[in-house]
Amino acid sequence: GAMEAIVSEMGKKSTFISAANKLAALVSSSWAGGSDKDREGMFAACKRAFSLLRSRYSAVGFWRAGRGLAEACVEAMKEDAVRGKAAREWLSLAEAEVGDGDKKS
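Residue numbers (my numbering): 222 to 326.
Keep in mind the hints are simulated off the structure, nothing from the lab. Please note that the accuracy of each hint is not assured.
SDA-like mimics (lysine to any residue), calculated; alpha carbons at most 20 Å apart, straight line [to be verified]:
| # | residue 1 | residue 2 |
| --- | --- | --- |
| 1 | K299 | G289 |
| 2 | K233 | S249 |
| 3 | K234 | E296 |
| 4 | K306 | E296 |
| 5 | K233 | K258 |
| 6 | K258 | V281 |
| 7 | K243 | A302 |
| 8 | K234 | S276 |
On a predicted model such as this, the values are computed, not experimentally measured, just so you know.
I would like the entire structure built from these sequences, with the hints used as guidance.
Below, the structure written as structure tokens:
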């Protein structure tokens, strides 16, 4: 399905950013109405993205995409104590990597 395709694209440097953007859009549009299973899949994919950012894709361009993903997660998951907390941690990681010079004003 869409989720598997996104996860597989995240595994390649050339498609990571577009995959992170797609995942952010999916989380924004589908989290609220998603089943537990859907949410689990989305959360797992987000977690994978941040694990890749920490280990392999450390350049700032990748982190910018990661920050967009983290922002979508924070917004979508705010009612979810456990996942919401993880999302906020991702966002602070991403903001530390991207730095302040680049914030959307």
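field: Agreement of K258 and V281 with the hint, judged by alpha carbon distance not exceeding 20 Å
entry: Distance ~32 Å between K258 and V281 Cα, so the pair is violated.
query: Holds or violated: K234 with S276, Cα cutoff 20 Å?
result: At roughly 12 Å apart (the allowed maximum being 20 Å), S276 and K234 satisfy the hint.
query: Does the alpha-carbon distance linking K234 and E296 stay inside the 20 Å limit?
result: This hinted pair is violated, its Cα atoms lying about 26 Å apart.
- prompt: Does the structure keep K233 and S249 at a Cα separation of 20 Å or less?
  reply: The given pair, whose Cα atoms are some 23 Å apart, is violated under the 20 Å limit.
message: So if I understand the rule, the pair passes when the alpha-carbon distance is 20 Å or less; does K299 with G289 pass?
response: 16 Å, holds
- prompt: CA of K243 to CA of A302, is that 20 Å or under?
  reply: This hinted pair is violated, its Cα atoms lying about 24 Å apart.
task: Would you mind confirming whether the straight-line C-alpha gap from K306 to E296 stays at or under 20 Å?
output: 11 Å, holds
Holds or violated: K233 to K258, with C-alpha atoms at most 20 Å apart: With a Cα-Cα distance of about 25 Å, the restraint between K233 and K258 is violated, given a limit of 20 Å.
Going through the hint list in order, the structure does not satisfy hints 2, 3, 5, 6 and 7.
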